[in-house]
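A.B. asks: The listed protein sequences correspond, in order, to chains A and B. The numbering of the first sequence is the numbering used here, which starts it at 47 and goes up by one. The numbering of the second sequence is the numbering used here, which starts it at 22 and goes up by one.
No lab work stands behind these hints: they were computed from the structure. One or more of the hints may lead you astray.
Calculated Cβ distances over 12 Å to all of chain B for the following chain A residues [as the list claims (entries may be wrong)]:
id : residue
1  : K61
2  : D84
3  : R206
4  : N270
5  : E314
6  : D321
7  : V333
8  : L337
List time: in silico BS3-like cross-link candidates among lysine-lysine, alpha-carbon distance up to 25 Å [claimed, not checked]:
id : chain 1 : residue 1 : chain 2 : residue 2
9  : A       : K124      : B       : K297
10 : B       : K46       : A       : K316
11 : B       : K101      : A       : K117
12 : B       : K391      : B       : K440
13 : B       : K25       : B       : K46
14 : B       : K411      : A       : K294
15 : B       : K411      : A       : K117
16 : A       : K117      : B       : K297
17 : A       : K269      : A       : K294
18 : A       : K316      : B       : K389
19 : B       : K202      : B       : K389
20 : A       : K318      : B       : K297
21 : B       : K308      : A       : K366
22 : A       : K318      : B       : K293
23 : B       : K101      : A       : K124
24 : A       : K366      : B       : K314
25 : B       : K345      : A       : K334
26 : A       : K294      : A       : K280
27 : B       : K314      : A       : K334
28 : A       : K269      : A       : K224
29 : B       : K249      : B       : K263
30 : A       : K316      : A       : K117
31 : A       : K316      : B       : K411
32 : B       : K440      : A       : K334
33 : A       : K318      : B       : K425
Virtual Cβ for every residue (Gly too), placed ideally from N, Cα, C.
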Amino acid sequence: MRAIGLILAGGSNNKMRELSNKRAIAAMPVAGSYRSIDFALSNMSNSHIQKVAVLTQYNARSLNEHLSSSKWWDFGRKQGGLFVFTPMVTADNSWWYRGTADAMYQNLNFLKNSHEPYVVIASGDGIYKLDYNKVLEYHIAKRADVTVVCTDIDGDDINRFGVLRMNEESRIEEFEEKPMVTQSHTISTGIYVLRRRQLVEMLEKCAQEDRHDFVKDILIRYKNLKRIYGYKIKDYWSNISTVESYYKTNMDFLRPDVREYFFRQRPEIKTKIDDLPPAKYNPGADVKNSLIASGCIINGEVDNSVLFKNVFVGNNCVIKNSIILNDVYLGDNTHIENCIVESRDTIRANSYHYGEDGIKIVVEKNERYVI
Amino acid sequence: MIKKEMIAMLLAGGQGSRLGVLTEKVAKPAVSFGGKYRIIDFPLSNCINSGIDTVGVLTQYQPLLLNTHIGIGIPWDLDKNEGGVTVLPPYEKSTNSEWYTGTANAIYQNMAYMEQYNPDYVLILSGDHIYKMDYEVMLDFHKANKADVTIATMSVPLEEASRFGIVVTDETNQITQFEEKPEKPSSNLASMGIYIFSWAVLKEALLAKKDQNNCDFGMHVLPYCHEKRQRLFAYEYNGYWKDVGTLGSYWEANMELIDIIPEFNLYEEFWKIYTKGDIIPPQYISKEAVIGKSLIGEGSEIHGEVQNSVIGPNVYIGPGAVVKDSVIMRNTVIGSNTVVDKSILAENVIVGNDVVLGSGKEAENMSKPKVYAFGLVTIGEHSVIPDGVKIGKNTAISGVTTAKDYVNGELPSGGVIAKDGESA
């Protein structure tokens, strides 16, 4: 095996509003049946990377539950495996992960004790399919020190990413983290390939200088010293770490091309299996242009929406342009429009929720009475 | 030494010929049911939910799909270091090699498998019933009665009783009389084909009957135990139990799942039915789709109308198509503007555009009137049906058919097209 995988899944940010109260972004449910981290994990597994560590810190309960068995992604092997690393108090360290570089540094032994020559670093909040072997081939062909997977985007969203500019040989010449104003449309996807020893060396140096961030303190500072190359991807890629992008990404799956790409074309994205019964439609159900996950029971109207697993829709409900997360109970005559309903919520009968300017996040913690 | 209190032996070798083309290439326990499940998922899930972690599955007829489905037992948590699920096909012996010739003969041939777990009790199950049952409660009943054999039974209508093994019991539930498929049944308490044997009793009976031709539990072993005055008890079961042995009962049992509050509830949290979950994505219901009362599986794409039907995972239903009162199994494709009425379509079937399934008046099936009845259209797995043809009621199709197979573009009611060996 040529590479090990690291998935940085520690993050939280206030751009997810109430949704991040409950879980790390990497554990956000996506596209009806998946969680965000499934995409990075499946890409690793599909690229024949057998040894993967997930670095997690913020509100990791939901994520740990999802990763409680490694068999879903085929990591339950004698060779390799799936490792979950949370910060630990040790004799010489009592810090949380103070940044991405620090998170990796605190698990330096994992890197040092591996024998694979390369490391693929990915984040847990990207929705994409990628054969990391192709990036690795490119990395070797370019004789690069670090290869950054990048993509072009448009829109004012750009200032939440690392923005870069490459020369004609694809070497990265400019790299700015979250700039206010920029000319370039090329952003880093947070996926990197580099030699394992190179990474260990950089992390050790970085730690000595009391620096903690992989992008600011390593990539940007080293970009003129080391050969840092960009590998551009043109297929679907999306980052879900704001409410707006999370909403948009889920709605993207109502498009036939996106469904074809993720649901039908191989290799497929794998996830934890929940053994839920098929979705059930009762008289009164009226569903249009929507994704419905297993275990749902539908008695009302659903239009242009994504229903995650185990959602119950009562009689005469109207759900429009909304995302209903796992295990939500919607009482009779409820109207939900332009909303994201938090998982495990119980919405009382006759409730009305409407996202007037933008997406409304509905979090209700009512008691659920089940017969 | 390995020690398991109770192990289960699951008889899954039968063909189930009354399911017609559905079991032409698939053993009955591997036939899909309720959208995403296969029939064998019910006894296997019952086992693990009852705390039985050692299950031998006896296979013989068309085992490929069954073997693929069971694998090493991961979906049922039966991938164990000690015990777990083991598939037991018939095997060659130095003398006297034979197929499994009967239910008890099959168990007899796997004496060594049972022996290695050193069990106190052996649970005998069959892989062709739909039910939820806690075998541990039945075992408690067995122990409380100091029984040698306990037979799970349920009351059936007296007029149907002659299809079953019938037991007559005294007030303590001890069996006083045993009749296998009697013409004039003396009670309506039917055996469900689920037995708990105390191991020593089972072993002794199997050895005593080892030279019996087609040795069968109902015909030979139970009467033998009864004659020897062993303690046979009837455990009465009152829940939902369905034999899906005929196309009619198979179709009916699927339809019952669609009821608003079905008698057999798959949505209960505490007694989950597990199956191999190989299809993950959610289903997509398009703008032009109309969905009435139905069950629809993962990954399906519905562009047409679905009423009162059970749709398996990864099914595609084209725009303008109308599916009514039907069972459609996984990976099947229904073309645009096709009408599917009261039909059972097996896995991986491709139905063209503008086809009508279930048209016209009923007529008796010309080759197997007892199998293809109930007004159903039955299509075997991997069949292909060309554009624009009409197919009547009580019909069956298997294999890749082309327009040439349909005289005047039609298969009238009661007709059969079997193109075996041509399905590619």
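A.B. asks: Are the Cα positions of K318/A and K297/B separated by 25 Å at most?
C.D. replies: 12 Å, holds
A.B. asks: Do the alpha carbons of K440/B and K334/A lie within 25 Å of each other, as the hint requires?
C.D. replies: With a Cα-Cα distance of about 39 Å, the restraint between K440/B and K334/A is violated, given a limit of 25 Å.
A.B. asks: Going straight from one Cα to the other, do K294/A and K280/A come out at no more than 25 Å?
C.D. replies: Given that 25 Å is the threshold and the Cα spacing comes to 18 Å, the pair holds.
A.B. asks: Is K46/B close enough to K316/A, meaning Cα to Cα at most 25 Å?
C.D. replies: 30 Å, violated
A.B. asks: Please verify that the nearest CB of chain B lies beyond 12 Å from D321/A's CB.
C.D. replies: Non-interface label on D321/A violated, nearest chain B Cβ at 5 Å vs cutoff 12 Å.
A.B. asks: Given the hinted pair K308/B and K366/A, is their alpha-carbon gap at most 25 Å?
C.D. replies: Answer holds: K308/B to K366/A is near 13 Å, not above 25 Å.
A.B. asks: Is the nearest Cβ of chain B still more than 12 Å from the Cβ of V333/A?
C.D. replies: Since the minimum Cβ distance to chain B is about 4 Å, V333/A lies within 12 Å and the statement is violated.
A.B. asks: Sort out whether K224/A lies within 25 Å of K269/A, counting only the CA atoms.
C.D. replies: OK: K269/A and K224/A at ~17 Å, within 25 Å.
A.B. asks: Since D84/A was said not to touch the interface, does its Cβ keep a gap of more than 12 Å from each Cβ of chain B?
C.D. replies: Check fails; 9 Å does not lie beyond 12 Å.
A.B. asks: Does R206/A sit more than 12 Å from chain B, CB to CB?
C.D. replies: It holds; R206/A is separated from chain B by about 28 Å at its closest Cβ, greater than 12 Å.
A.B. asks: Given the hint that K202/B pairs with K389/B, test it: the Cα-Cα distance must not exceed 25 Å.
C.D. replies: 23 Å, holds
A.B. asks: Next pair to validate is K316/A with K117/A; report whether the Cα-Cα distance is within 25 Å.
C.D. replies: 10 Å, holds
Of the numbered hints listed earlier, those contradicted by the structure are 2, 5, 6, 7, 8, 10, 13, 14, 15, 17, 18, 29, 31, 32 and 33.
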